[in-house]
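Q: Given next are the chains, with one letter for each unit.
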Amino acid sequence: MAFSTPVLDSPARSTRRSVVVQTVYPLRDSFRSTPNRRTRGGERSYFGSVLKRSPLAYAAFIMMSLIVLGALFAPLMSPYHKDKIDLTRQYLAPSLDHPFGTDDLGRDIFVRVMHGGRISLAVGLLAMLVALLIGVTAGGVAGYYGGWIDTVLMRAVDLMLAVPVFFVILFLSSVISPKVSIVAICLMIGCTQWMEVARLVRAVVMSTKEHEFVDAARTMGLPDSRIILRHLLPHTTAPVLVAITLGLAQAIIIESGLSFLGFGVQPPTPSWGAMLQNAQSYLSDCPWIAIFPGLLICLTVVCCNVLADFLGEALSPSQRAGR
Amino acid sequence: MLRFFLKRAVAIIPLVLLVSLICFALMQATPGGPVGMLSGNPMVGPDDVARIRANFGFDEPVIVQYALWLKRVLMHGDFGYSYVTGEPVIEMIWQRLPATLELMGAAFVLAFLFGLSGGIVAALKRYTKFDSVIMLVTLFGISIPVFWLGLMSMMLFTVKWRLLPSTGMFALGVPFSVLDHLRHLLMPSLVLSLLFIASWSRYMRASLSDVLSMNYINVARAKGASRGSVVFRHAVRNAAIPVLTVIALNLPVLFTGSIITETIFAWPGMGRLFYDGLLRQDYTRLMGIIFIASALIAILNLIADTIYGLLDPRIRLAR
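Top to bottom, those sequences are chains V and P. Residues in the first sequence are numbered from 1 upward in steps of one, following my numbering. Residues in the second sequence are numbered from 1001 upward in steps of one, following my numbering.
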């Protein structure tokens, strides 16, 4: 296998993991076991209790909730309309009236950022859904059947990982521009982000299918599809959940990058990236045009990353088994 | 070792072929196919288009076209001519490649030095305040989108403090000086490298922490090896192996980052060329760049694989 797999597992696990700083694991590496941490209490209080012991994850959870709520209730957040052009109010600095200032067309940046959250988060989620669908299917089939199907699919993963996919997405957007629909963006991002999920699912399915209960299911004459869907895939939930949280962050970054370059969400629709499109011209006089949309991207991505780490720990099987 | 290298080198071939297939398919997907741009030109009549199609073999079956195209690309490096400027695409890329490689090289070196050393220090001081600070900073490092980082650093270093120039490779109207060039290089390369500094130091920390808790490290310590020797000769060498995988996997991201960085900082490299091509829908150019970038990534991956084999005999001997 040429384009080597990201094997971060070293043979022996550290057992000195119990000390405080738990949330700062490297990404993608986070679903390893932390044997020394135990929790008491039922399933319901489990997340709560782990969350409380990890202040960073707690803060990220609250921050993320605020961003999501802001996006959901965007029209209620401010008296201004997101697309209302008001040339008497151009380039206003942040004030009580306009907490994030106004842009070159006199639009309120705060309300646009909140609306932009809707687009950016929706694109991220939809793209991850696409990636999840492709990744789980490819990984499940490859892991269960093995053989040439596995080889072909894993070669495809290698290929996708070795091609600068962002170039390809940009190219495709340029082909279908100027009317790049949001669904098309989600599809393009989703089709280039499924590899991580596929690898994880494949690995888990491959190891799980050796268990007796799978033999039992087969002996009972269950069809392969049912065995994969009902008996094998549930075991992949924890790592996949972590991977899609990270993937959500990636998708948001890709979308904002595309929109920033002008090949994603098209104006006047606000998305965090699209709002930064012209910001470079106003850096010297009205930096707030550039600051706030980017800050929101950054905060969202930080929250996703922290929560992914947290989920990785909270869901790691050995920890749950230890309860 | 040579056998290992050759095996890996051979493995590239199907990959490059597949990439070329993707490029060709993309090209076919452009509106009107390869001569689509010409039909919009009032100077070119329908019979001209037909003649050009015949000349380039566009009327042949797709498979034959692909074979012809591939032959031109592999034999002569001929990606066709730019729709916009009429120059051969390969020459345009050739002119811009050094600037891109310089920017990416500088970013890579910065990321390698700071990323790995940051990770090593964090792992040695694990669970101290210092470690927490590094982890928090790197958390933001992996989360900041590169274009926003570019805008913000431009805002601070160029607009506000007037420390560094924000565009181009050289100051205009001034004779060339290395210092001036480095000043222009500093900000784009730092911006491009931050993501990698952050993510590699996180990986290095995790990997080194794992290695440091292994028994053979205790053995080395017990034998009285000095701390420096234990860390660098025994631990880091092994800890670097998984990190190297991550570095290899990050190469496409480096290219992605370079499009955005070059666009923001008006760095006259391949990424900027690509962006201009996007704006003008210059598909032959875009295709050429995608192909060259993929080929470069494949070659860099081969280098990474080779280093991997050099560092870890298990990998080299296993296959």
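Note that these hints are calculated values from the structure, not bench results. The C-beta atom is built at its ideal place from N, Cα and C for all residues, glycine as well. Incorrect hints may appear among the rest.
What the hints assert, rightly or not - As a list, the in silico SDA-like pairs of lysine to any residue whose alpha-carbon atoms are at most 25 Å apart: (1) P:K1125 - P:Q1281; (2) P:K1160 - V:D285; (3) V:K82 - V:Q280; (4) P:K1007 - V:S95; (5) P:K1160 - V:S95; (6) P:K1160 - V:Q280; (7) V:K179 - P:G1173; (8) P:K1160 - V:K82; (9) P:K1160 - V:L72; (10) P:K1160 - V:K84; (11) V:K84 - V:Q280; (12) P:K1007 - V:L283; (13) P:K1071 - V:V50; (14) P:K1223 - P:L1244; (15) V:K52 - P:R1237; (16) V:K52 - P:Q1281; (17) V:K52 - P:T1128; (18) P:K1129 - V:V50.
Said to hold, decoys possible - Residues on chain P that point at chain V, a partial pick, calculated with CB under 10 Å: (19) I1144; (20) F1170; (21) L1172; (22) G1173.
Q: So which hints don't hold here, by number, going up?
A: 1, 4, 7, 8, 9, 10, 12, 13, 14, 15, 16, 20, 21 and 22
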